[in-house]
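Please build the complex by placing chains F and V on the supplied structure of chain C, with the hints as guidance.
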Amino acid sequence: MSLTAGSRPDGTRPPAAVEEPTAAVAAASPKVSVPGKAGKAGKVPFQVRLRRDRALILMTLPVMVLLLLFNYVPLLGNVVAFQDYDPYVSSNGVTAIFHSPWVGVEQFSRMIDDPLFWSAAKNTIVLFLLQLALFFPVPIALALLINSVIRPRVRAVAQAIMYLPHFFSWVLVVTVFQQIFGGAGIIAQTLEDHGWSGFDLMTNADLFKYLVTAQSVWKDAGWGIIVFLAALAAVSTDLYEAAAMDGAGRWRRMWHVTLPALRPVIALLLVLRVGDALSVGFEQFLLQRYAVGAGASEVLDTYVWNMGIQNGDFSYAAAVGLVKGAIGVCLVLGANKFAHLLGEQGVYKK
Amino acid sequence: MTPNADSAPSGPSRRSFLASTAVATAAVAGGMPLLAACGGSDTGSREGTTSGKAADKMLPTYVASTVAQPDLPSKNGSGAGYTGKVDLAALKTSVPKKLGTGAPIKIMSPFWGSPPKPGNPYYTALDAAAGTKITWQNQDGTTYGEKLGAVLASSSIPDMVVVPGWELVGKIANAVTAKFMDLAPYLAGDKAKKYPNLAAIPSDAWRMGIFGGALRGIPMPAATANWITPFYRKDIFDKKGWSPPKSPDEFLSWAKEATSAKAKVYACADMNWSAWSFFGVRPSGTLGWNIGDDGKLTYRHEVPEYLEALEWVRKLFDAGVVHPDDKARSGDQGQRFTAGQVLVYNDNIASWYGKTAEQAQAKPDFEIEGMDLFGADGGNPTLWASQPATIWSLIRKGASKATVENALAAADFAAAPYGTKERMLVDYGVEGTHYTVKDGVPVKNDLGNSQVLNAWVMLAAPAAYYAHPDFPDVARKQVEWQQRMGAFMKKTSTFGMNIVEPTRYANLGSQFEQLEIDYVRGNRKLSEVQAAISTWKSSGGDKLRDWYKELIDKNGSGN
Amino acid sequence: MSLNTQLIRSLKAPARPVWEEPPSKAGLTAKGGLLLLCCLGVLGPLWIVIVTSLSPKPVIDRVGGLVVIPQGITFVNYTELLSGGQVSRAIMVSVGVTLVGTLFSMAVSVLAAYGLSRPGSLGHRFFLMTMMATMFFGAGLIPTYLLVQSLGLTDTYLSLILPSAVSVFNILVLRAFFMGISPELTESARIDGAGDLRILLTIIMPLSRAVLAVISLFYAVGYWSAWFNASIYLTDQQMMPLQNVLIQLVQKNTEAPTGLQQAVRTGQLSALGLQMAVMVLALIPVAVASPFVQRHFKKGMLTGAVKG
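As you go down the protein sequences, you meet chains C, F and V in turn. The number in my numbering is simply the position in the first sequence, starting from 1, with 6 added. The number in my numbering is simply the position in the second sequence, starting from 1, with 297 added. The number in my numbering is simply the position in the third sequence, starting from 1, with 1 added.
This is chain C alone, in the form it adopts within the complex:
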């Protein structure tokens, strides 16, 4: 096998690396063949397929039952998005649905007319893009960094240290940040001692989006490396060896072996992240909304919380939730399609 043959100056992925069936890592490349190819499936009689796949179906069943029960049944409650739902109008919340007035799409038009909703939507999108640009690559880079460390002890320690912050709850993360970067925090106080005053990172509305992204990176980037590390761990060393034999240097090997091995995982996570674009965090923003004002900190999730849960306006909350879900599905389908175009598996196969 030759890597050099496949590498192109334009940096596109050399097909050779993928054609290697050795990479026991995530997510098959499109070339992985499977018994009962999708294309042929239609021709196989149902009975035969049932008999062939019944074990698979049985295995899937427990999860399906759980999801049906705990996700789909209560999901029916979302019909209240088309109502002015009052859960207390009847003896219990279910029968109350039949006693609440239907209002059609009123909740949705309320949303469209609401400037606060749009402001929250704008903040959400800006924050999502920032997270995508500044947060998403960090765990990958960290994973590569750790992976390149040879000494097992150093590696284990670095890894163990990096994912600790994930276990700090947001309340405590915000407290620590306030105590360090706040107007009366450690940095401000040190600056004050040297004659500079007025340092306060925590109440600056303009910098808020970077602040929260930095907080997320600090808290969760180390945790995010786990999936990538596991994927890297599964890359066969043979590949590296072969590449080295072919004269590929350290960076070439990273580019042609490591990254292709990570691509399916990256694609999977990216597609899911895009599908979840409208969720950028909740508690983190709720905790800091007073410090910088709702204008900078309101995101869709906090908006739904404030309007829906806090004010008891369940119908409105359900409507916003439905819209958010619909957009999420569209995004994930789109992103998945895009991943397919790039030759990746994405979340599901065509």
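Relax, there's no trap hidden among the hints.
Derived, one-sided and incomplete: chain F residues facing chain C with beta-carbon distance under 7 Å:
#1 S451
#2 K468
#3 I469
#4 A475
#5 A558
#6 K559
#7 K561
#8 D622
#9 Q811
#10 I814
#11 N820
20 Å max Cα-Cα, derived SDA-like pairs, lysine to any residue:
#12 V:K26 - C:W257
#13 F:K553 - C:E198
#14 F:K476 - F:G695
#15 F:K553 - C:Q195
#16 F:K718 - F:P493
#17 F:K561 - V:P59
#18 F:K559 - C:H200
#19 F:K536 - F:A657
#20 F:K559 - V:G65
#21 F:K531 - F:M668
#22 F:K536 - F:A636
#23 F:K403 - F:T700
#24 F:K561 - C:L197
#25 V:K32 - C:I146
#26 F:K718 - F:T733
#27 F:K593 - F:K787
Just so you know, the hints here were simulated from the structure itself, not pulled from any lab data. Please read all numbers here as calculations on a predicted model, not as lab measurements. The beta carbon of each residue, even a glycine, is placed where N, CA and C say it ideally should be.
Just chains F and V now, kept in the frame of chain C:
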């Protein structure tokens, strides 16, 4: 510990102070302070209010308690004050025979902290004394609103539920009418005499228990001369030779002098709640409505004082005299106050005692004092009375007679006046087990501190009072402050009425609290506040005004 | 086609393979520096947190916030936190829920991930779509509560496990790994007459140790740090897991303090110090568990592979 006399501050203030700490994320769920509540006619409408003769018929006949006379009787809407020591032998009995029959009841109530185990000596002793058999469902106070909402929507509601006013948001106000029973058959008129401590709750407070045209809530009475108090560090003021400022301008110039960022000392915390009082701004919620001298019905943010108060607070923030952590609303302002990082902060009047007691040992020099409220021009302030009750316990519809009677027995026990054995048991637990009396001062031990907590005290309470045997001076100061300030008290047209606004207006004013917080911190422009006010008017405020106008015309004004 | 399981390399063997060029000094320095920087970014704040949790109250008061330079040590925050029977009991509850929950979640997830790992199988697309849709639509609090209640799960530990037992994300990750395993491996077993369950247990799972470890960790961490379900579905405070108790412990602005809050108020304890101690306590299980999980990543390195 403070007897629970004033654990019922006005809904909005309580809520805001909960929300002011970062930890209380979930308390934000308390919802906007539109204190809705009760309702109109007997035709099943859940909106509006009931007052006048129709209301009086439902209320218990007031029979004043004569068990223990306060040293400082209530005046100008203040709480009463007891300044004596505790003499266990001299305690009176207010519940001569057990009213409970031992039928099991389930009670759900909010709880801040870690609840004690079932069957602990405190619960056992109280059950034994009251003749009840209570299963407590103590729910975390910070997520109580969500729990309450879910439980009310289910078909299994506990027999008795404690509902704080700050959770009565959106449709929960209506739920109270739908899900809880009319207590008039048990309490109206002379029937209440069976429960002497409940009969001794003032009628004003009982009137607040009318939800949906029927008496459903057993109230926890509150002093009406109850404002957020600006507290200052008297010890530091004396040392520096400062005297408390007497006008907003004086406050600002003093604050600039007192602040030293380098020494990490800031003049004050967020003073917004005091500013409302300085500038005579009415509370939010139903109490925000008033018919002025010009005969016009206005809401709180429609008067110029509203913006003046906000502008003044913004000046404080701009001048850098507010502690940065208060600007970020992080951490506990009370602790910054006791640590000397802020010199003035505003809090519930209960903190007068709370801070004194907590610092007594660690910091003998520490001295906290309530600042007299002043007017915008340095003259007399205009202060608006708060509602006479904002926390209720309610009994579920369909409860059996035995259940109701046992629930009322428990409430009656919990409402025992100061100076009785029952009060002592509720507030301090069992002598020897939970507390000991030393020099006339009851002191809780560790068991007392972990078991004698907010469960029984949430069920009902006697008329507001202050009594701190360990610091009798503080009780006197609290009562005197309220009486002094109470002299400037005015009532809004909606005072004393438990009003349920139509739910279509429920979210109308919900953005203002955030807007105020943002504006004073410089995160919103004045024009944005003004725009919000005009949006408020056009998107329902004017209609809500008509609704209130009709309501006040029908029921009479509260002032 | 030959099945070629790689030899297990001893962990202590010289780590750098022969084919790899020796690292350059500059590269090493840059790498080390970067790594050090990242670790310091975590350890710095962590240091401050730990020092504060161990500082006596007067020190915290004097500094007026978090303590950077230790000036005296006290364990009072920890002893206070752990002396109450409630914290110890809550730890047992949390450990139990985490163990049982993780096992249950892993069992159903692994089965489903394998069941969905063969595109083109009957119902494959339908099941996958049904599953994924749940990632984007949430049911409201009230419908979910009503369901859990009508199933009779309120006030049982099952309410902490069943409603959140399935993470679609985790299943997708598992599935992706399973699908990446060379089909030739399973094909040969199939020809030998192995059923799907046996293939899963004897071939797929041993090859997927790394991902199984990771996903178990994800589930375990999810159960360990969950608190919302408990606060809604449990009414008996004695059943509360650790997180709920810790949250209650750090709450301030309470009107009737517990023993601990009482101690904070009377100035024996610093609330900040106590909070930081809680933060450290929440980290301990991770610090204990991580070496075990990490070892499995290593094993993942030694997975067999087919040479084409």
